[in-house]
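Protein sequence lines correspond, in order, to chains B and U.
Note that this note's numbering numbers the first sequence so that position 4 is 271, with each residue one more than the last.
Note that this note's numbering numbers the second sequence so that position 93 is 99, with each residue one more than the last.
If you are wondering where the hints come from, they were derived from the structure by calculation, not from laboratory data.
For glycine and all other residues, C-beta sits at the position ideal for the given N, C-alpha and C.
Watch out, some of these pointers could steer you wrong.
[Unchecked claim] Below, a sample of chain U positions facing chain B; criterion: calculated Cβ distance under 10 angstroms:
#1 Tyr-46
#2 Gln-152
#3 Gln-154
#4 Lys-219
#5 Ile-253
#6 Ser-261
#7 Glu-267
#8 Leu-304
[Unchecked claim] Okay, the calculated beta carbon distance ranges per label pair:
#9 B:Pro-371 x U:Val-172: 27 to 37 angstroms
#10 B:Pro-382 x U:Glu-227: 22 to 32 angstroms
#11 B:Glu-375 x U:Ala-37: 53 to 63 angstroms
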Amino acid sequence: MPLAHRNYGAARVLAPKGRLDHERCEAFQADLAPHAEACAREASALVLDLSGVEYVSSAGLRCLMIAAREAKARAGRIMVAAMQPVVAEIFHISRFNLVLEVFPTLREALASVSPQAVQAFERG
Amino acid sequence: MRVRFWGTRGSIPVSLTAADIRDKVARALLAASGRRFESYDEAQAFVVRALPGALGHTYGGHSSCVELDLGEEEYFVCDMGSGARAFGAHVLARQGGRPATVHVFMSHMHWDHIMGFPFFGPAYVPKYKLYIYGCHDELEHAFRLQQQPPCFPVPFDALRADIQFVKLEPGRAHSVRGLRVTPQVQRHSGDSYGFRFEKDAKSVVYTTDSEHKLEQRSEAELFAAFFRDADLVIFDAMYSLADAISIRADWGHSSNVVGVELCQMARAKHLVLFHHEPANSDAAIDGLLRDARRLEELTRDDFSPPRRLEISAAHDGLEIEV
Numbered sequence: 268m269p270l271a272h273r274n275y276g277a278a279r280v281l282a283p284k285g286r287l288d289h290e291r292c293e294a295f296q297a298d299l300a301p302h303a304e305a306c307a308r309e310a311s312a313l314v315l316d317l318s319g320v321e322y323v324s325s326a327g328l329r330c331l332m333i334a335a336r337e338a339k340a341r342a343g344r345i346m347v348a349a350m351q352p353v354v355a356e357i358f359h360i361s362r363f364n365l366v367l368e369v370f371p372t373l374r375e376a377l378a379s380v381s382p383q384a385v386q387a388f389e390r391g
Numbered sequence: 007m008r009v010r011f012w013g014t015r016g017s018i019p020v021s022l023t024a025a026d027i028r029d030k031v032a033r034a035l036l037a038a039s040g041r042r043f044e045s046y047d048e049a050q051a052f053v054v055r056a057l058p059g060a061l062g063h064t065y066g067g068h069s070s071c072v073e074l075d076l077g078e079e080e081y082f083v084c085d086m087g088s089g090a091r092a093f094g095a096h097v098l099a100r101q102g103g104r105p106a107t108v109h110v111f112m113s114h115m116h117w118d119h120i121m122g123f124p125f126f127g128p129a130y131v132p133k134y135k136l137y138i139y140g141c142h143d144e145l146e147h148a149f150r151l152q153q154q155p156p157c158f159p160v161p162f163d164a165l166r167a168d169i170q171f172v173k174l175e176p177g178r179a180h181s182v183r184g185l186r187v188t189p190q191v192q193r194h195s196g197d198s199y200g201f202r203f204e205k206d207a208k209s210v211v212y213t214t215d216s217e218h219k220l221e222q223r224s225e226a227e228l229f230a231a232f233f234r235d236a237d238l239v240i241f242d243a244m245y246s247l248a249d250a251i252s253i254r255a256d257w258g259h260s261s262n263v264v265g266v267e268l269c270q271m272a273r274a275k276h277l278v279l280f281h282h283e284p285a286n287s288d289a290a291i292d293g294l295l296r297d298a299r300r301l302e303e304l305t306r307d308d309f310s311p312p313r314r315l316e317i318s319a320a321h322d323g324l325e326i327e328v
């Protein structure tokens with residue numbers, strides 16, 4: 268799962284692709300770790316753009332929860348955005364929409380970080 | 007094999023309050039919408055067929071107690087939660103004075119799983135035989151302890167039935183009167199054990215008080231093998247997934263979502279959500295059932311060939327023919 272990042276103001280955006288299930292969970296967690304550390308160093312928010320993710324299993328959700336917990340311990344912030352309808356429904360079924368910060372679009376997630384992040388996003 | 011649920015609630019028994027009953031009756035009257043019923047049977051049929059799930063019944067009720075009726079003279083039951091009182095009354099009524107043998111399989115000895123035993127009628131009857139099976143060293147100690155003063159007025163040694171404790175080895179198949187029983191250790195405080203029961207090419211898995219972390223591949227594969235092709239899986243679905251891995255992580259329980267995933271991996275046929283959270287209303291449990299069924303629909307085609315997993319939520323009094 269390639270995890271190239273883009274920075275928009277004080278937000279680092281990652282866009283994982285494919286399925287986030289128990290087969291991919293360990294690799295995803297390892298890919299996520301350096302970005303989470305960088306966010307902690309830079310005091311920036313980590314935004315997961317899930318528009319390219321087709322499916323999330325309980326194992327994938329657990330990875331997100333662990334990352335969110337670690338971020339919280341470092342006074343950081345993780346949010347998810349732009350889920351495909353099936354993934355959004357799985358978030359609802361598992362009640363993850365109640366424990367993670369979820370935004371319908373990437374723009375709305377960035378707007379919750381800072382006006383500068385949205386401006387940077389709109390500049391492209 | 008027929009599975010009969012005598013207790014389905016987790017942690018502590020619950021009952022409906024007067025306010026709950028008033029609410030159900032008021033909603034049922036609204037749903038009836040002025041309709042006239044000519045007989046009790048007609049009204050019953052309306053309740054069963056036309057009322058939304060949570061209005062026509064309640065999940066109850068008693069803590070864990072599940073009978074496997076093999077159609078034989080002897081009785082087989084999992085756990086002695088508060089449902090054991092009603093199960094014991096059923097045994098005594100059916101026996102009509104004839105002695106009986108009851109085989110009890112204990113997942114573990116947390117209080118909600120043993121609290122029915124002091125009220126289990128057959129334990130007080132001479133010539134009854136009780137075999138209590140489990141994998142914990144402290145099994146007999148736990149049963150004796152809860153009947154000691156000041157907790158209960160009848161000491162264990164005053165019970166008149168012939169009671170024997172039988173230690174089972176986990177991970178190995180045992181034969182109990184022709185019933186094949188395989189215990190499996192599970193993640194729970196002090197350990198719990200699931201049981202896979204097999205007879206006449208039918209299989210039932212009783213797996214309660216068990217937390218799963220499916221990102222650990224070996225664990226996912228171990229439990230998929232334990233559930234493999236089971237006709238029925240009675241599964242600890244106490245919490246939502248979010249609760250199970252956030253505020254209630256490491257509390258030793260699981261979720262409807264993990265139940266669906268494991269049963270799909272195992273190609274099991276029927277998942278029964280069990281050990282309901284005591285704080286959950288009937289409507290909340292209906293919601294967890296609806297969500298589990300929707301998740302199964304969403305993910306069914308990920309398997310080749312697609313296979314539908316039937317999903318139910320256990321309630322006191324539910325019977326399922328396997």
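These are the hints, each one checked on the structure:
Because the closest C-beta pair between Tyr-46 of chain U and chain B is about 39 angstroms apart, greater than 10 angstroms, the hint is violated. Given hint, Gln-152 of chain U at the interface with chain B, is violated; its Cβ is 35 angstroms from that chain's nearest Cβ, farther than 10 angstroms. At about 42 angstroms, the closest approach between the beta carbon of Gln-154 of chain U and any beta carbon in chain B exceeds 10 angstroms, and the interface hint on this residue is violated. For Lys-219 of chain U, the suggested interface contact is upheld, since its CB lies about 7 angstroms from the closest CB of chain B, less than 10 angstroms.
A distance limit of 10 angstroms between C-beta atoms decides the matter here; for Ile-253 of chain U the minimum to chain B is near 8 angstroms, and the interface restraint holds. The beta carbon of Ser-261 of chain U is positioned within 10 angstroms of a beta carbon in chain B (closest approach about 7 angstroms), and the interface hint is therefore held. Hint on Glu-267 of chain U holds. Least Cβ distance to chain B is approximately 6 angstroms, under the 10 angstroms limit. Look at Leu-304 of chain U: its Cβ gets to within about 6 angstroms of chain B, closer than 10 angstroms, so that hint holds up.
In this structure, Pro-371 of chain B and Val-172 of chain U break the distance hint of 27 to 37 angstroms, their C-beta atoms being roughly 58 angstroms apart. The beta-carbon spacing between Pro-382 of chain B and Glu-227 of chain U, approximately 49 angstroms, falls outside the hinted interval of 22 to 32 angstroms. For the pair Glu-375 of chain B and Ala-37 of chain U, the supplied restraint of 53 to 63 angstroms is violated, since their beta-carbon distance comes to about 40 angstroms.
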